[in-house]
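Chains as they are written, first to last, in the numbering used here: chain Z, 1 to 116; chain P, 117 to 228.
To be clear, the hints were calculated from the coordinates, so they are not data collected in a lab. Think of the CB as a built atom: it goes at the ideal place given N, C-alpha and C, for glycine as much as any other residue. Please note that a few of the clues may not be correct.
[To be verified] Chain Z side only, calculated, beta carbon under 7 Å to chain P, not exhaustive:
id	residue
1	39
2	40
3	42
4	44
5	46
6	106
7	107
8	108
9	109
[As the list claims (entries may be wrong)] Straight-line alpha carbon distances no greater than 27 Å define the calculated DSS-like cross-link-like pairs of lysine-lysine that follow:
id	chain 1	residue 1	chain 2	residue 2
10	Z	49	P	173
11	Z	49	P	169
12	P	186	P	169
13	Z	69	P	214
14	P	169	P	119
15	P	119	Z	49
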Amino acid sequence: AQSVAQPEDQVNVAEGNPLTVKCTYSVSGNPYLFWYVQYPNRGLQFLLKYITGDNLVKGSYGFEAEFNKSQTSFHLKKPSALVSDSALYFCAVRAIPNTGFQKLVFGTGTRLLVSP
Amino acid sequence: DVKVTQSSRYLVKRTGEKVFLECVQDMDHENMFWYRQDPGLGLRLIYFSYDVKMKEKGDIPEGYSVSREKKERFSLILESASTNQTSMYLCATRDRVKWELFFGEGSRLTVL
Numbered sequence: 001a002q003s004v005a006q007p008e009d010q011v012n013v014a015e016g017n018p019l020t021v022k023c024t025y026s027v028s029g030n031p032y033l034f035w036y037v038q039y040p041n042r043g044l045q046f047l048l049k050y051i052t053g054d055n056l057v058k059g060s061y062g063f064e065a066e067f068n069k070s071q072t073s074f075h076l077k078k079p080s081a082l083v084s085d086s087a088l089y090f091c092a093v094r095a096i097p098n099t100g101f102q103k104l105v106f107g108t109g110t111r112l113l114v115s116p
Numbered sequence: 117d118v119k120v121t122q123s124s125r126y127l128v129k130r131t132g133e134k135v136f137l138e139c140v141q142d143m144d145h146e147n148m149f150w151y152r153q154d155p156g157l158g159l160r161l162i163y164f165s166y167d168v169k170m171k172e173k174g175d176i177p178e179g180y181s182v183s184r185e186k187k188e189r190f191s192l193i194l195e196s197a198s199t200n201q202t203s204m205y206l207c208a209t210r211d212r213v214k215w216e217l218f219f220g221e222g223s224r225l226t227v228l
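Only chain P is shown next, with the shape it has when bound in the complex (with noise of 0.2 Å):
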């Protein structure tokens, strides 16, 4: 089985501190993901990966950055976290030949 682990399930940051979101797959996938999820507008995708140093924008990147080092880690960091980033992060990784998603158990970031 695919296993995506994200390493906080809960956190709790102030206003403009930096936040790092890891997260780690054992599958070899190429194609890395990080969506945040909220409440009646579903998943919306922040950035994507699909090889090592590589990285796209998804449809909502402001305010977000991420880093891949390596292949099994990708990692999304806010630089200056604000209260509109309280939400919930989850990352995923993709099949590239079956095209299924495969998601971690999602961070939950609350920003004060």
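Bound conformation, chain Z alone (with noise of 0.2 Å):
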């Protein structure tokens, strides 16, 4: 099955320091993933996406992820963290079922805290 694993529920961070939010993925052929971030009672917002090219992939709000086909893994980071980072982020893949219409698989979320 094509799949998402965001393996930590939770990270926290302090204010300043360097974030790192994982994913890894499960998907036949090239992958398309990408990263969205949802704040209280809000819908998510597209954060980026990495199709092909570069593996280092820069997106809003001075994020970025790297993809790594070896380790099938695409970490989203942030050099310096804002307590504004404080949010719940998923990481999603295109899913190419062997009929019918492709669709995004999303993880099951983490929830990022940056403390003053």
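Dock chain to chain to rebuild the complex, using the hints, since each chain is given by itself in its own frame.
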């Protein structure tokens, strides 16, 4: 089955420190990988995606993600965390079924808490 | 900017009631989706539509139906609400070329 795994329910980091939110994937073929962020009581917002090209992808709000094919990972990173980065982060992968329509499959989410 | 509008942010319904969740988008996207979000389970796809009057079941369609009579509007219907359908419901639309999803603000449904 095509899926993503977010192994950490929560990540705690102090403001100003670097942060990493982990994601691993399982998919047949070349992966399309995405990160979305959700602030409290809001919908999800697109952060960045990897489809092809450079393994380091830059996105919104200073976030970036590194695609690692050998480790089947797509970890989200930021060099210096802000308190306002505190939110729920979702990794997603394009699933290609044997028949039918392609869709995005989401991970279970990782809550990021940045302390002042 | 793409705007995806969900008509109700918060609803409280009773078991057995029929519930309509409406979603309207203003970007002429063909693809629209309904997800439900539950703690620890992430987002799960209920139904999607790739064109007017076209619909496909997602991963958890049981207890739900959908309607897409116009391109901009995609409705989720709970024919007879049950307590296990208490959840956050998210509508999304997708740019077919960019493969990015654009989400509404969500509808938090409580079934008593």
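Unmet hints by their number, sorted upward, for this structure:
Violated hints (numbers, rising): 1, 2 and 11; every other hint is consistent with the structure.
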